[in-house]
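Please build the complete structure, drawing on both the sequences and the hints.
Residue numbers (this note's numbering), protein chains in the order written: chain G, 1 to 87; chain H, 1001 to 1965.
Derived by calculation from the structure, the hints in this document are not laboratory data. Treat the hints with care, since some could be wrong.
[Unchecked claim] Here are the simulated lysine to any residue pairs, SDA-like style, with alpha carbons at most 25 Å apart:
1) H/K1851 - G/A36
2) G/K84 - H/L1723
3) H/K1661 - H/G1687
4) G/K80 - H/L1714
5) H/K1571 - H/M1814
6) H/K1571 - H/E1594
7) H/K1267 - G/T71
8) G/K84 - G/N70
9) H/K1851 - G/V23
10) G/K80 - H/Q1702
11) H/K1851 - H/R1721
12) H/K1017 - H/G1066
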Amino acid sequence: MRIECPHCGERDRREFYYVGDAVALARPAPDAGPDAWDDYLHNRDNPAGDTNDLWYHEGGCGAWIVVSRNTVTHAVHRTKLAQKAAS
Amino acid sequence: MRLRNPGQTVTFTFDGKPVQGVPGEPVAAALLANGIRLMGRSFKYHRPRGVMTAGSEEPNALVTVGRGAAQDPNIRATVLEVSDGLEVFSQNAWPSLRHDALAVNDLLSPFLGAGFYYKTFMWPASFWEKLYEPVIRRAAGLGRLSGQASADCYEKAFAFCDLLVIGAGPAGLMAALTAGRAGVDVILADEDSAMGGRLLREVEDVDGRPAAAWVADVLAQLRALPNVRLMPRTTVTGAYDQGTYGALERVAAAGAPVECFWRIVAKRSVLCAGALERPIAFPDNDRPGIMLAGAVRAYVNRWGVAPGRSVTVFGNNDDAHRTARDLAAAGIKIAGLIDARPDVQVTADYPVFTGGSVTATAGRRGLSSITVAHQGGTRVIQTDCLAISGGWNPSVHLTCHMNGRPRWRDDIAAFVPTPDAIPGMAVAGACNGVFETAGCLREGAEVAAAIARDLGFTAEVTLPVAEARAYAIAPLWEIPGKGRKWVDFQNDVTTKDIALSAQENMRSVEHMKRYTTQGMAPDQGKSSNVLALAVLADLTGRGIPETGTTTFRPPFVPVGIAAMGAGGQGKGFAPTRLMTSHHATVAARAPMIEAGLWYRPSYFPLEGEVSWRQSCDREVGYARNAVGVCDVSTLGKIDVQGPDAAALLDFVYTNRMSTLKMGRVRYGLMLREDGFVMDDGTAARLGPDHFVITTTTAAAGQVMRHMEFASQVLRPDLDARVLSVTDHWAQFAVAGPRAQVLLNTVLDDQISNEDWPFMACGTVGIGGVTGRLFRISFSGETAFEIAVPARYGESLFRQLVAQARTLGGGPYGMEALNVLRIEKGLLTHAELHGRTTAFDLGLAGMVSAQKDCIGQAAASRPGLVDPARERLVGLRAVEEGRRLTAGAHLFAKDAKAVTANDQGYVTSACYSPTLDCYLGLAFLKNGPDRHGEVIRMVDHLRGVDTLAEVCHPVFFDPEGGRARG
Ligand SMILES: [Zn+2]
Chain G
1 MRIECPHCGE RDRREFYYVG DAVALARPAP DAGPDAWDDY LHNRDNPAGD
51 TNDLWYHEGG CGAWIVVSRN TVTHAVHRTK LAQKAAS
Chain H
1001 MRLRNPGQTV TFTFDGKPVQ GVPGEPVAAA LLANGIRLMG RSFKYHRPRG
1051 VMTAGSEEPN ALVTVGRGAA QDPNIRATVL EVSDGLEVFS QNAWPSLRHD
1101 ALAVNDLLSP FLGAGFYYKT FMWPASFWEK LYEPVIRRAA GLGRLSGQAS
1151 ADCYEKAFAF CDLLVIGAGP AGLMAALTAG RAGVDVILAD EDSAMGGRLL
1201 REVEDVDGRP AAAWVADVLA QLRALPNVRL MPRTTVTGAY DQGTYGALER
1251 VAAAGAPVEC FWRIVAKRSV LCAGALERPI AFPDNDRPGI MLAGAVRAYV
1301 NRWGVAPGRS VTVFGNNDDA HRTARDLAAA GIKIAGLIDA RPDVQVTADY
1351 PVFTGGSVTA TAGRRGLSSI TVAHQGGTRV IQTDCLAISG GWNPSVHLTC
1401 HMNGRPRWRD DIAAFVPTPD AIPGMAVAGA CNGVFETAGC LREGAEVAAA
1451 IARDLGFTAE VTLPVAEARA YAIAPLWEIP GKGRKWVDFQ NDVTTKDIAL
1501 SAQENMRSVE HMKRYTTQGM APDQGKSSNV LALAVLADLT GRGIPETGTT
1551 TFRPPFVPVG IAAMGAGGQG KGFAPTRLMT SHHATVAARA PMIEAGLWYR
1601 PSYFPLEGEV SWRQSCDREV GYARNAVGVC DVSTLGKIDV QGPDAAALLD
1651 FVYTNRMSTL KMGRVRYGLM LREDGFVMDD GTAARLGPDH FVITTTTAAA
1701 GQVMRHMEFA SQVLRPDLDA RVLSVTDHWA QFAVAGPRAQ VLLNTVLDDQ
1751 ISNEDWPFMA CGTVGIGGVT GRLFRISFSG ETAFEIAVPA RYGESLFRQL
1801 VAQARTLGGG PYGMEALNVL RIEKGLLTHA ELHGRTTAFD LGLAGMVSAQ
1851 KDCIGQAAAS RPGLVDPARE RLVGLRAVEE GRRLTAGAHL FAKDAKAVTA
1901 NDQGYVTSAC YSPTLDCYLG LAFLKNGPDR HGEVIRMVDH LRGVDTLAEV
1951 CHPVFFDPEG GRARG
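Structure (structure tokens):
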């Protein structure tokens, strides 16, 4: 598997650290309440199809990247810097 | 027998006997040339077996190469190349290949059919581990490993190209040539030692020349193209996502690795893998001398070796005639041609039996005769080689590696690939069901031209003239009648086993495979799969398409772990990180222990010390009474800069760092977002917008990721950047009452307690080098950490240690460091193990409620602030001479030591020379409320059962006066 790092170009997946669903981008407010925090911390969909993941280019530039890919076909559709996706 | 003068020969050995062979020819060819047909014993029944094929699909002729540590089992004699002095051994036979004791299994075969093991060794259950399994394992076949570490070298490599052409037969050569001429970056990989595929094995003309001459010409053209790479002896083993292919190269060069495992990334690929011939199931069809017809032609035409003196041919398609024609032309006697099709017209100089079949064979260690049924009668023909042609199976394997299913074509009685089964992969030639040379050449060229144009190149198709003849076949699977008819030769599966499977209702092809083990040998049923499912289809009254195939999975050929994991042995498994003091430390005879990838000293033994405890106790004394020096460079160091650096630290630490004054250091705690402690460390403010923070050795990587995550993902609004500087600085702890005296021997400007109070930091000069000094303590003593750029680390370490010795101190290792911190109740990852909260650690007060930080919201969940949680306490042994041990569990004093009564566990323990007592840190239910209680500590693993008093975790100098000096 190879991932297009917006900084470094297409790189082997061994350079990346995987963290999971990009739901991590939507951090609740500190006072959002236990349900919102429980959802944010623990509940993840497990789609057969398109998904957005967070990957960290640990063996490269250190960028956190949102990777849109398909869990069925394994196709990597798009990548973008998490910094841009978040702000 | 050789059909022509072989030229130069070399000598190799087979079971110790010298054999002459031509360098580079397969060992199987050399053995046949020397009249050796018996090459191995079968897996289960120990039947005598000879070579059946001339390629990597070989099921029978498996041999062991070399001896001792270099011994390599299960090598196919059809692929292994002859070289001078090569040592080859037969397998699965004892005491010898000719006289094999376990051949008795063959006589017992009525009892050893499919499912035998499942049914027989069921009871008594207790016999399995002690009796059945060892016996079965010893009897189970094929080659043996030496049990020694191999000194052979293996390699892995990566390659990239526009177009990967898999297979260099007629289709592959034309594909590579067409794309190569267009300028496409091409890799052409072929598993044979010579490229050309069947063109090297058949007698026919291409472009008015013998096919082999045309191949040589094309290869010369390809070699002249700088954009084409030829990879002979390279089997493409698997197709993976995003155009990635695995490939195994048998490297044939002196001093080179034995094998290289490639990962090839290709924008496009063309599969030109050809086709594999299949056998026909007739009684005793497994005797040495019975071979596939295409293999017989290969031995005759390519290697000039006659597999027999009097050959018979049996087939259901025109290749049977081609075989007889080639052999007759080579001067080999044809004892008979049996064509199962009744309606074929043939005129030949040898006996032809149309509409006939082979119904029996004879010959104990090799074929001596066959029985032919023809026109209602039978006759026996004396023959030492029977060539079988049951038709061709396109090599669809790679197209199935991503869940593709092949489809059945009735006209050629074979499966062909489903288009686009692998993204980016096209299929051409025989593996696409095209069995005539002209068609293969055309398809290869046209497919490659289309790909080249797709990639933006201009491509032309120029086709050579070649043989075009229709492939005519009448399906023929099993010859009726009694006797054992082998289907899977490598796993000893017969049609009877398949019938038993169907009878016991294992009618699905996947069930049949697992019940009979058909297709589960190292050859993965390359020669047997289609025959087996055709037999199953007939038995169950379903068609072949309805019966379906089993799943083909990578690798296409067996790949040694040594090749796939090349570079990952021993130290290659993980990189080694060495401190700048490493050489000086090792020279001081300090035993090194692993800390992640780092190596750190346990202790520094002195002359006369006989146990680690003596050294450790002495080193603790250095720090408590004089001065000790310890390399702490392995701790993570992260530089944080930017106008919002302080705000970022406020967000990642539980406590406030923005209020930290310049030139000061503060202890900090980091949580994960789920509220549990991730790590602790210090933050030093070097400037208004500049901090350097430390992490524990264990969590350095995790904290760096976390900091990047916080700044990029959670707070991109903050203008701050983080950078790991762990490797840039060598850092040494200098601890003890004389620490300041020692430092003043190396610093350019003297320091005093007034200028450098506890938790001060700043820049200092050390012999003209600019370094950093932090007055922080992990020992409870007056202590500093001094940092210099890494290239000065070794020199500073030697100087600090030398000066420490003159002051009655010296270096200390991890054991002493651990004792010093336990005496002070300071934490490491033994306590910050991922399941403890700030509340558990007694650090709840460090979580500021005045600001948001990572983990704050989740840390306030009721379950995480329950007083009954297991919380940090100190333990002091109360029984004279009884030790405390990390990992032990805690129980009420009079309770039984069982899980239900578990009250907590010990995370760290040591003997404290300072307090002359065993100490421990532990997590205990309601811990802080139980100070003074005596509890029971049980370590089932080490057999320790003792009493301990619960106390505050800071055992020594609880007021902290010593650190402040
Ligand atoms: Zn990058």
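Do the hints match the structure? See the list:
{"no.": "1", "hint": "H/K1851 - G/A36", "in the structure": "holds, 19 Å"}
{"no.": "2", "hint": "G/K84 - H/L1723", "in the structure": "holds, 20 Å"}
{"no.": "3", "hint": "H/K1661 - H/G1687", "in the structure": "holds, 9 Å"}
{"no.": "4", "hint": "G/K80 - H/L1714", "in the structure": "holds, 15 Å"}
{"no.": "5", "hint": "H/K1571 - H/M1814", "in the structure": "holds, 23 Å"}
{"no.": "6", "hint": "H/K1571 - H/E1594", "in the structure": "holds, 12 Å"}
{"no.": "7", "hint": "H/K1267 - G/T71", "in the structure": "holds, 21 Å"}
{"no.": "8", "hint": "G/K84 - G/N70", "in the structure": "holds, 21 Å"}
{"no.": "9", "hint": "H/K1851 - G/V23", "in the structure": "holds, 23 Å"}
{"no.": "10", "hint": "G/K80 - H/Q1702", "in the structure": "holds, 22 Å"}
{"no.": "11", "hint": "H/K1851 - H/R1721", "in the structure": "holds, 21 Å"}
{"no.": "12", "hint": "H/K1017 - H/G1066", "in the structure": "holds, 14 Å"}
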